[in-house]
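Those letters in the sequence shown? Residues -22 to -1, 1 to 426, per mature numbering (1 follows the signal peptide of the UniProt record, and there is no 0), in order.
If you are wondering where the hints come from, they were derived from the structure by calculation, not from laboratory data.
Bear in mind that the values here come from a model prediction, so they are computed numbers and not experimental data.
Do not take every clue at face value.
List time: in silico DSS-like cross-link candidates among lysine-lysine, alpha-carbon distance up to 30 Å [said to hold, decoys possible]: (1) K257 - K293; (2) K271 - K293; (3) K271 - K257.
Restraint ranges, calculated between C-beta atoms of paired labels, are given here [unchecked claim]: (4) G324 - I142: 37 to 43 Å; (5) G267 - H120: 51 to 57 Å; (6) G324 - S269: 36 to 42 Å; (7) A280 - G141: 37 to 43 Å; (8) G348 - S135: 49 to 55 Å; (9) S295 - S68: 45 to 51 Å; (10) N185 - S352: 56 to 62 Å.
For glycine and all other residues, C-beta sits at the position ideal for the given N, C-alpha and C.
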Amino acid sequence: MQRTTFCFLLAGAAFLSAISQSSSILRGESWALLDGFQEGGDDLQAFQTVGNGWSTTSGGFSPLGEPAILTWSIVPDLTAMPQGVGEPSSPSNLIAVLDGIHHGGASPGGSDLMQRDWFHLIKSAFDRWDDVSGLVFSYESHDDGVVNGVPATGLGSAQGFLGIRGDHRIGGHSIDGAISPTIVAYNYFPNNSDMVLDTDEVGRFGNPSGNYLRFRNTMMHEIGHGLGLNHLASEGHNFLMEAFLDTSIDGPQFDDILGVHSLYGDRFEENGGNDTPLKATNLGSLQIGQSIKLGEDAVDAAISPIDVDFVSINKSSDTDYFRFNVTVPSIVDILLTPLGPTYPEGPHGGTQTPYVTSARNDLGLFLYNGTGTSLLGYSTAGGLGEAERISNFALPTAGEYLIRISGAQNLAQFYQLDLAMVPEPAGVVLLLAGLIPWISCRNGRMKE
């Protein structure tokens, strides 16, 4: 069986190569690591990180664990390219090569690259990372790699700037041909996350199988490095950031998404986040007999390309607030469950150990009035990896209420939140008559 392999070599950049060799690994087409790169010393997670990810982008600052606003651009052909793996000096010809694959050499739209058939493949790779995390990616249509027909800002030589060039810049040129062993692409780490594709790889990048899965997975893998994720290894499991191109997966898998949550948080952290009562995520109105579920997709190691329901606490200072409304006095159940599979994991070529992703951060569950000024009930008795529950909680009046979720450790933890209204009108009548306590929860009991 043939394997195609990625190779990461130099400090500050990640490289991928294609090597033909026999293998008993039951994967379609794979990329193996030949690594001389020493990763950063920030490896507190089982997934492999390089430094802290992006800290300064064209959209502002991004402290560790906080969302990042990022842009991406495609350099014009003739842009000067780096020689990151010692390849011959030549300018970018990526646009012409992709036009040749998808348009037979024609170029619809002129300088408007969004008119190209291949544009949506690149955009979908950035969008997928955006969909599953606190990242906000947008296309920067300008790139000053060539100005007035003259090469200007070479790829890999400058950080992103709004209206000038993207944070993640993409170019390509001939690296070493397409005959194995061959380098396929390489990518730099933050805060300069530019990507170089080998434009000799027409056969791989032009393979339409799985909606150009080889090209899309190459893009998503390289973007992962540009976000600060390094190679990992997991025996018996298939993750995007492993050093193997696996056509049985499509995009980021569980470990990849856990890694990006550690660096940038979940999707609710975008646009100001939900870390305070005023910014609470609105779950809507809860009706009798109805339930609301959040975070259901973080159960299995294998992730579908349409899964987007991932929520997490990624450090001890991270807090998630959720708002819900009831229209009548109600009794509710609130369940907080830490989620995640267990699998072997470690750096590529290193020792793998069992990674219990459901027990990384000890979560706490709290219920407040609608303004967040009065704590009504809480549950914190469950240990690491155990659920927290506020059960048969009587809400004496209609209106808004807040749920707060927090964690004790500086580690990313996926969770599922379940909220259900229990139809017990007789109990509510007794409650309002003052004949039963109006709050009960597993390990917190309060009265007004």
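Going down the list of hints, with the structure as the test:
Of the supplied pair hints, the one linking K257 and K293 holds, its CA atoms being roughly 18 Å apart against a limit of 30 Å. A C-alpha spacing of about 23 Å is found between K271 and K293, which places the hinted pair at or below 30 Å, so the restraint holds. For the hint linking K271 to K257, the alpha-carbon distance of about 20 Å falls within 30 Å, and the restraint holds. Our hint of 37 to 43 Å for G324 and I142 holds, since their Cβ atoms are close to 40 Å apart.
Between G267 and H120 the beta carbons are some 53 Å apart, a value that agrees with the proposed interval 51 to 57 Å. Distance hint check for G324 and S269: the Cβ-Cβ separation is about 39 Å, which falls inside the suggested range of 36 to 42 Å. For A280 and G141, the Cβ-Cβ distance of about 40 Å falls inside the hinted range of 37 to 43 Å, so the restraint holds. One distance hint, 49 to 55 Å for the beta-carbon pair G348 and S135, holds here, with the actual separation near 52 Å.
Our hint of 45 to 51 Å for S295 and S68 holds, since their Cβ atoms are close to 48 Å apart. Here the CB-CB span from N185 to S352 is close to 60 Å, well matched to the stated 56 to 62 Å.
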